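Visitor: The listed protein sequences derive, respectively, from chains Y and Z. If you read the first sequence in the numbering used here, its first letter stands for residue 8, the second for the next number, and so on. If you read the second sequence in the numbering used here, its first letter stands for residue 21, the second for the next number, and so on.
To be clear, the hints were calculated from the coordinates, so they are not data collected in a lab. In this text, all values refer to a predicted model and were calculated from it rather than measured experimentally. Please note: incorrect hints may appear among the correct ones.
[As the list claims (entries may be wrong)] Examples of chain Z residues lying across from chain Y (beta carbon under 8 Å, computed):
hint: 1; residue: P38
hint: 2; residue: S68
hint: 3; residue: L75
hint: 4; residue: F87
[Unchecked claim] Label-pair restraints from in silico Cβ distances:
hint: 5; chain 1: Z; residue 1: L31; chain 2: Y; residue 2: S49; range: 45 to 55 Å
hint: 6; chain 1: Y; residue 1: T38; chain 2: Z; residue 2: S77; range: 23 to 33 Å
hint: 7; chain 1: Z; residue 1: S101; chain 2: Y; residue 2: S76; range: 22 to 32 Å
hint: 8; chain 1: Z; residue 1: A105; chain 2: Y; residue 2: Q8; range: 37 to 47 Å
hint: 9; chain 1: Y; residue 1: S76; chain 2: Z; residue 2: Q118; range: 13 to 23 Å
[As the list claims (entries may be wrong)] Pairs of lysine to any residue residues, derived as SDA-like cross-links and limited to a Cα-Cα distance of at most 25 Å, are as follows:
hint: 10; chain 1: Y; residue 1: K86; chain 2: Y; residue 2: E65
hint: 11; chain 1: Y; residue 1: K20; chain 2: Y; residue 2: S49
hint: 12; chain 1: Z; residue 1: K64; chain 2: Y; residue 2: G15
hint: 13; chain 1: Y; residue 1: K20; chain 2: Y; residue 2: E65
hint: 14; chain 1: Z; residue 1: K128; chain 2: Z; residue 2: S46
hint: 15; chain 1: Z; residue 1: K132; chain 2: Z; residue 2: S30
hint: 16; chain 1: Z; residue 1: K128; chain 2: Y; residue 2: E65
hint: 17; chain 1: Z; residue 1: K64; chain 2: Y; residue 2: N94
hint: 18; chain 1: Z; residue 1: K64; chain 2: Y; residue 2: E65
hint: 19; chain 1: Z; residue 1: K64; chain 2: Y; residue 2: G53
hint: 20; chain 1: Z; residue 1: K64; chain 2: Y; residue 2: P50
hint: 21; chain 1: Z; residue 1: K64; chain 2: Z; residue 2: P32
hint: 22; chain 1: Z; residue 1: K64; chain 2: Y; residue 2: F109
hint: 23; chain 1: Z; residue 1: K64; chain 2: Y; residue 2: S67
hint: 24; chain 1: Z; residue 1: K64; chain 2: Y; residue 2: K86
hint: 25; chain 1: Z; residue 1: K64; chain 2: Y; residue 2: K20
hint: 26; chain 1: Z; residue 1: K128; chain 2: Y; residue 2: K86
hint: 27; chain 1: Z; residue 1: K64; chain 2: Z; residue 2: S78
hint: 28; chain 1: Z; residue 1: K128; chain 2: Z; residue 2: S52
The C-beta atom is built at its ideal place from N, Cα and C for all residues, glycine as well.
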Amino acid sequence: QVQLQQSGPGLVKPSQTLSLTCAISGDSVSTDSASWNWIRQSPSRGLEWLGRTLYRSEWSNDYAVSVRSRMTISADTSKNQFSLQLNSLTPDDTAVYFCARFRSGAFDFWGQGTLVTVSS
Amino acid sequence: DVVMTQSPLSLPVTPGEPASISCRSSQSLLYSNGYNYLDWYLQKPGQSPQLLIYLASSRASGVPDRFSGNGSGTDFTLNISRVEAEDVGVYYCMQGLQIPHTFGQGTKLEIK
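Could you put the whole structure together from the sequences, leaning on the hints where they help?
Guide: What follows is the structure in structure tokens.
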């Protein structure tokens with residue numbers, strides 16, 4: 008059974024950088040049959056896909072246009088995890104952040120979610 | 021981006037009665053392999069979304085057979101044959117055909 012365990016702060020100041028990590032068990036971050044994604048949820052935006060990392064002979068990333076200039080997703084094969092960095096935070100980035108595996112056309116496993124509040 | 025539109029947004033249901041949720045996409049979700057890349061998720065209060073149906077009509081592992089999905093192209097439906105109290109929450113459709121993956125607004129199912 009795949010499990011995704013998220014870690015990271017719940018409170019971040021405006022203009023600072025958010026760092027979240029998603030530790031994977033039951034699968035490998037470098038599998039060639041899935042991608043590893045970040046999704047957030049807020050009352051104003053609903054569920055919003057943010058980006059993904061995947062390995063297909065080499066690593067590649069894709070990002071939503073709304074965060075492309077501020078977001079970096081990276082994989083750590085030694086720890087079997089992937090991470091999100093989102094910089095220049097504003098209160099509009101306040102949301103619950105989820106990591107999720109995408110396989111066979113669906114997000115079949117999700118992390119527990121992290122409520123991130125951007126406030127001074 | 022593909023826009024996903026659900027209806028209704030609120031769905032009060034008596035236990036034991038059937039329920040149905042509609043989802044429409046702004047572009048066809050039918051891929052050349054014959055599959056429709058449309059999924060259904062349920063988010064119970066205080067939990068992460070959980071996958072119910074993938075590729076429009078395939079039930080995810082452990083999902084009760086009272087849940088079923090159908091449709092093709094741009095019009096899809098999630099059916100619950102007999103609603104139970106544990107089915108309360110918000111149901112979302114999502115297109116998995118292209119990035120950015122996009123979700124519907126959600127349909128809140130409540131028990132009457």
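Visitor: Could you tell me which of the hints above the structure violates, numbers in ascending order?
Guide: 1, 4, 5, 7, 8, 13, 16, 17, 18, 23, 24, 25, 26 and 28
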